[in-house]
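Asker: Model the placement of chain B on the given structure of chain A, informed by the hints.
So you can see what is in the structure, the chains are spelled out below.
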Amino acid sequence: MTISNWKSNMKNALQYFSFTLVLFLLVACGGGGEKDKPATPAAKTTATLKITLTGTLPASTTISGALFSLTLPANVTPAMNGAIVANSVVSNSGTFANSTLVPQVVYTAATSKLDVVLSNSDASGVTQVDEVATITLQLANSATPNAASFPVSAASVIDAALYNSIAGMGVSVASVTLQ
Amino acid sequence: MKQFLIIVSSFIIYHSSIAFGAAPAQVPQTGQVNCYNESGTAVICTGTGQDGELQTGVAWPSPRFTDNGDQSVTDNLTGLVWTKDANLRKTRDPLFGAELDSAGVPLSVVSGVTWQQALEYVKKLNTESYLGHTDWRLPNINELKSLKNIGQSNPSTWLNGQGFSNVQSYFYWSGTQVAHHSADSEYFGFGNPSTGYYIWPVRSGQYGGSSSLTLPKTGTTSCYDASYLTVSCSGTGMDGELQVGTAWPTPRFTDNSLVSSSDKTVTDNLTGLIWSKDANLPTTSKTWQQALDYIKSLNSISYLGHNDWRLPNIYELESLINKGLDREPWITWLNGYGFTNLKDYYWSSSTSASSRIDAWFSNMPYEKSEVAKDLHGLTMDIYTWPVRGGLVRLPISVTKSGTGSGTVTSSTGGINCGSTCSGAITTGMPVTLTATPDSSSTFTGWTGACSGTGTCTVTMDASKSVTANFTFTATYGACGSSNGLSLIIAPTSNLCNSGTATTVTGSGPWNWFCTGSNSAASCSANIQTWTINTGYTSNGTVSCTSPIKNGATSNCAISPASGYLLASFTDNSVSKIGVVSGGAYIITGVSANHQIAATFSLIPPPQFAVTPTNGVGYSISPETAQMVNQNTTASFTVTPTSGFGISTVTGCNGSLNGTTFTTGSITANCTISVTTVERSASPSGATPTISDALKVLQAFIGGTALSDEEKIRYDVAPLGVNGIPQGNGIIDGADIILILRRSIGIGSW
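In order, the protein sequences belong to chains A and B.
Per our numbering, the first sequence starts with residue 1, numbered consecutively.
Per our numbering, the second sequence starts with residue 1, numbered consecutively.
Misleading hints may appear alongside valid ones.
To be verified - Some, not all, of what chain A presents toward chain B, calculated at C-beta under 8 Å:
hint: 1; residue: Leu67
hint: 2; residue: Thr100
hint: 3; residue: Thr108
hint: 4; residue: Val117
hint: 5; residue: Asn164
To be verified - Listing some non-contacts, in silico: residues in chain A with all C-beta distances to chain B over 12 Å:
hint: 6; residue: Pro58
hint: 7; residue: Thr77
hint: 8; residue: Asp130
hint: 9; residue: Glu131
hint: 10; residue: Leu139
hint: 11; residue: Ser175
hint: 12; residue: Val176
hint: 13; residue: Leu178
Please keep in mind that the hints were generated in silico from the structure rather than gathered at the bench.
For every residue, glycine included, the Cβ atom is placed at its ideal position computed from N, Cα and C.
So here's chain A without its partners, still in its complex pose (with noise of 0.2 Å):
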């Protein structure tokens, strides 16, 4: 390379340079200009998750328990200790609101996914096919997420005597409540 020709090209890496400049400045005057409008509501600031049980339950068969992997969205997070996810995202209620048996609840971050196992504690396993968990999770820039929001993976269902899979039955989310 020439002297000639570094010359050249430094000249028109300052010309590039300028350009972006002006333009970031021109972005920032025009976001300056909200806080002249009125106030809006405060933002949610938790998502309560309800986990029921999906399908048919096929008779003289009895459920332990059931793991799910749920994705949260975006601004959706669960409560942490460290590293382990708190005792309060998780909560049996409905069927298993009985059982001793604390959900087991593992959260990846990386993935978003929160992975899922809830157990009652009847010897004999439960009947019913309706709400078995609680899950609370965390909102964050005004997430609003619903049901819809929160797409169910990996559900298993099983049963309460050898503890296979039940054929046709899954886990879904019932609803979600913002606060």
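Answerer: For chain B alone, kept in the frame of chain A given last:
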């Protein structure tokens, strides 16, 4: 010729021993079988009319003489027994008859003796019982002449070849005297002893042989002293005393003209000969050939109705001599029977063997026979006296007929047909004909004078014609049923269907020939051979000696292919595996076909033991050690027991796939080891905790990794029907829930 004059002829009248015709005796043949012309040259006899052609008289037996082995010889023609030594006196008693000196001592040995000495010597033999007999005598003239063979030039030489010894070629004394004359003798050669004649003692035949005839008496009935005066015969030993022989019939002759005036013949009732009544029918004397020609002329005109007139042979002529009569009484005697014109000398048809230019003639009244053929040198006239009848020889002819060939021979008559198919045999004589077919023919029988198929005996009562029929029966050598067969032993029977078998040769194959008249067949029989069939599977061979002769040994070589060995071996379905030695099998004394079968199998590789280990939490099948061929694998099924999971299966370079553990290629003994993990969801086997469930949950969602042991230990769901964790090979939510529920006491494992 002077010496011949000593001969005193006598009647030779023979009595035939065979019953034929009316004659009580027959004249024997003279022995002459040859014919000569006036020059002494031998000629063919046919048509000559000579004795050699006609050969009338009793035929001689064969053999004529028999040596009795006791120094005596029997004449089979006459039955007389003679001393074997024809000069016995000189041999046995050389000094007998010798001249004595004044002291009575013999001066020298003499060759011959006087007649009186001869008579005395015979008495000496009887006194001394020579050869155990006392009936020796001097032969009468008929007996002495009977030894002669007119056909032989030297009778003594011939007799010495017939069993006698020392037969002298000179005169021998007979016991017969010519009436009123000296004693008679017979000449047997041309010798000239210094003194006297020889002595040949004889006895009548006591051997009981089958003599052909007995000799007639000589006619002598008187005995004379040296002065020719009649003396008493008693004790003299003379013929006049002994009168040996067959008596003459009465009348001796029959004048046939008395029966028929035209029949100018006289029949001799002793011999059967029929003589011309006129004893000089030609009216003049003739030479010998003229006499023969005259007889032919008679036959040409059928004189007295007959064409069989002949000149008598010398024996026939001499049969008219009567030793008891002198010349005039003899003429008177014959005239009394009707003969006329009797003369002193008559020709015979017999030629002389010693002097062929001469023929015998007889001085009838003086009973001498001499030889001559013409009157040259002679002073007497010789006449012709025709005769017929008697024992003439009748022709017999043999014809061979048919497609075959053969030979016909006769017991007498000289037929050997062959080449001599005709002959002449004395009238009344039996002749036996024998037909012998050639090897290529069969004799099918006689026709003509004979019949049947055996030998044929013909009595010659007329001319005979016989046909022998031969049929060609070609004989070809033909092999018998053994030919061409396979036999286990040499053929011993039925060698030839036809022909004659030679000796069997060879030791199998065997050979023999069947020789026939027209061809010979070459025959053979093979020795039986047997087949040793070999059947075998691949991977080896069996080779046996085959085919093999019966009784021989077949050797079988057994060769397995590389890497193989003999697995089975049978001979005719009987196992012989224990008999096979060193790759060989031997079949001795083969006597049947054999079927050999063999199989071969791989030589087994080394085997090694693969031993499974039994332990807690699993079962393994097979559960005992397995012998596994080198470089092969073995498989085991490893099944966890309830509540356990298989952690590892190791050993024998194997690998686990599902529940099947397959060893690697086995090269040595090895052991399979199994480790298990109890599906307890807790390392210590205690009740699991929430932490265990959480750990499983972390693993489930991929947050942490479980060890292999943990993967088993926490794989508890589902449960078995017995409530024991069964697991399903994966860690899932069921395991977590189950662990959770177990952590609070739900379940019982």
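Asker: All hints are to be evaluated individually against the structure, with a verdict given for each.
Answerer: Quick rundown of the hints versus the structure:
1. Leu67: 4 Å, holds
2. Thr100: Thr100/A check passes; min Cβ-Cβ to chain B is 6 Å, inside 8 Å.
3. Thr108: 7 Å, holds
4. Val117: The hint holds - Val117/A has a Cβ within 8 Å of chain B, the shortest such distance being about 5 Å.
5. Asn164: 5 Å, holds
6. Pro58: 15 Å, holds
7. Thr77: 17 Å, holds
8. Asp130: Asp130/A is indeed farther than 12 Å from all Cβ atoms of chain B, at 18 Å.
9. Glu131: 18 Å, holds
10. Leu139: Holds, because the least Cβ-Cβ distance between Leu139/A and chain B comes to about 24 Å, which exceeds 12 Å.
11. Ser175: 24 Å, holds
12. Val176: 23 Å, holds
13. Leu178: 27 Å, holds
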